[in-house]
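**Q** All chains should be modelled from the sequences, with the hints used to inform the complete structure.
Sequence order for the protein chains is A and B.
Here my numbering is used: the first residue of the first sequence is 1, the next is one more, and so on.
Here my numbering is used: the first residue of the second sequence is 1, the next is one more, and so on.
No incorrect hints appear here.
Okay, derived cross-link-like pairs now, DSBU-like style, lysine-lysine, Cα gap no bigger than 30 Å in a straight line:
1. B:LYS327 to A:LYS234
2. B:LYS302 to A:LYS76
3. B:LYS231 to A:LYS40
4. A:LYS40 to B:LYS240
5. B:LYS238 to A:LYS40
Computed spacing ranges between beta-carbons, pair by pair:
6. B:ASP11 to A:PRO209: 58 to 64 Å
7. A:HIS94 to B:PRO258: 53 to 59 Å
8. B:ASN342 to A:GLU32: 29 to 35 Å
9. A:ASN21 to B:PHE317: 47 to 53 Å
For the chain B half of the interface with chain A, some residues (derived, Cβ under 8 Å), not all of them:
10. HIS346
11. GLN347
12. THR350
13. ARG351
14. GLY353
15. ALA354
16. GLU357
17. MET358
18. SER361
For the record, the hints were derived by calculation from the structure and aren't laboratory data.
Note that the structure is a prediction, hence the values are computed from the model and not measured.
Where a beta carbon is used, it is the ideal one built from N, C-alpha and C, also for glycine.
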Amino acid sequence: MKIAALGIDVGSTTIKMVAVNSVGEMVWNHLEQVDPRVEKQVDSFLEKLRNEIKSLEGIPLVATGYGRNLVQQAVKNITEITCHTRGVYHQLGHGGTLIDIGGQDSKVVVIGAEGQVLDFAMNDKCAAGTGRFLENSAARMHIPVVEMGFVALSATEEVTISSTCTVFAESEIISMLAQGIEVEPILMGLHRSLVKRVTAMVRSVGLAPPLLLSGGVVKNPAIRKVIEDETKEKVFIPEHPQLMGAYGAALFALGIK
Amino acid sequence: MAITTIPHRRDVIKDIKNRGGLVAAVLPIHYSRALLRAFDIFPIELWGPPKVDVSLGGAHLQSYVCSIVHNALSFLKMGELNVASLILIPHTCDSLQGLTSVLMDMIKPEQTIFPLYLPRGQREEDVVFLVDELQALYAHFSDFTGKYPTNEELLTAIKREELSDLLLLKLHKNRQQMGLSNIDFYRLVRSREYLSAEHFAALAENALQVTGETAGGIPVILSGILPEPMKMLDVISKMKGQVVADDLACCGRRLYQPGTSREPFRRMAERIIYAPPDPTRGNSIAERAEYLIEMARNSGAKGIIFYEVKFCEPELFDLPNLRNCLKEQGLASINIEVDINNLLPHQIATRIGAFLEMLDS
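**A** Have a look at this one:
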């Protein structure tokens with residue numbers, strides 16, 4: 001394994017590190033739930049890689065994500081909007097409108113034909129429209145997060161969740177459960193509520209097809225389906241949707257080298 | 001220029017009081033400083049301020065009223081406005097109009113409240129309306145102070161403010177040659193909010209004599225209401241941005257041109273009405289877009305940061321269409337909304353950073 005550059009994405013929920021070779025191919029990656037002591041965790045990531053390739057001497061590292069400023073080893077910090085764009089464009093080979101739904105924020109980026117950011121929108125600092133919205137709801141209904149998309153898709157009907165606020169949505173769910181409504185239609189309604197929040201951001205920047213998805217929440221199949229329902233657009237997902245920020249950062253590091 | 005030469009607002013107020021002067025607390029945005037000064041009343045503007053106990057104001061206001069109004073009321077309830085003998089509240093928006101009612105009808109503070117109704121247009125009848133308003137205010141101030149400044153005294157006060165405003169305009173025009181950081185520039189120009197015209201003019205003349213190299217960076221226009229929390233300006237600098245032009249309500253939208261009329265009330269009114277486009281004075285989206293595009297062309301700005309106070313209805317109402325107009329003309333923009341009491345959230349730094357990266361790519 002010949003590593004030419006590294007990228008690290010310190011997100012609010014997970015930390016991802018990617019290594020690329022001299023032609024920008026992803027040759028190594030690692031992902032963990034984020035620890036409050038980010039600096040220590042970054043050290044452990046590098047140590048893990050060092051164990052595999054002996055020396056990291058001279059290999060540039062670019063940091064992105066919520067905690068990018070905490071990565072002392074980085075030669076440069078770049079925002080996750082720019083890094084996700086670079087990663088997705090490099091992997092898919094074309095522009096479009098990228099929706100990235102992360103653990104605690106979500107963003108919509110319009111990517112030009114040459115991979116440049118043309119416009120973008122990010123959600124407000126509340127959890128509406130993010131993975132946290134689903135996590136909270138899943139916990140309330142005692143359904144593992146990884147299963148909730150599949151459970152939602154098994155619904156034969158759907159209820160409307162009117163609250164986009166995570167806390168109010170939770171109250172609404174409790175009320176619905178108390179009325180005897182089944183879990184499946186509630187879950188489907190929750191997914192639609194989240195997606196409507198995100199598609200409002202899409203409208204604010206203007207949808208330029210094709211629609212591209214990245215971020216950890218993309219692993220949830222109901223999200224993909226509801227986004228396609230709401231936008232009437234087929235979505236394209238890169239091979240490693242959760243790693244696109246770190247991958248983009250690694251590509252920037254490769255450019256620095 | 002050493003930024004320490006700018007006196008602190010509290011010291012300025014203390015100095016006025018020690019000299020037996022009257023202080024007026026003035027809320028945003030447009031009013032005639034000259035009218036107050038003709039009565040020897042010193043206007044000290046109240047744009048918030050940040051870091052107050054907002055729960056005091058919150059007891060009287062709806063949660064969707066902006067933090068500028070919440071803070072102003074909280075500041076008053078904390079007793080911090082006791083130095084002021086009167087409070088002047090221009091009818092800038094519904095929230096400030098609501099504050100006037102709350103103060104006059106409910107709270108009834110020690111200070112006398114003076115509302116100032118502003119027209120929403122630039123027609124002749126708008127000038128006439130504002131002339132009437134300023135004359136009514138003159139009558140109220142006369143009752144309040146027992147003074148009756150002559151037309152000549154009014155014109156002297158107007159010309160003093162005009163001179164100071166011309167220097168303010170020059171500071172804005174020369175900002176890229178003055179060697180000041182983003183934050184130091186705003187500390188300087190915002191001292192116009194509380195310094196007398198004479199004091200500010202002296203400060204501005206000194207500052208204009210100093211030239212230096214600015215840090216440079218990606219050139220942007222700053223729009224919105226006010227640059228608070230001011231840490232945002234450091235964030236822009238840190239992320240290699242440089243504010244090269246200004247459309248802030250507290251700064252660039254108050255670059256009033258000198259008047260020509262010999263009739264003082266008309267001259268005061270015209271200066272306000274023909275100031276740069278402002279949604280609170282009824283300028284259309286098309287006028288604002290044209291003005292901002294021209295500003296970008298002249299300053300070399302690559303984009304506009306709309307730095308808005310949450311719930312600012314006059315600003316936010318126009319913004320989607322205004323941004324679309326700018327986009328169609330190839331000028332990128334970003335909208336960032338803040339509560340002036342909050343520390344600058346990390347997400348805002350990320351958005352500013354991403355916007356600058358986008359402009360730079």
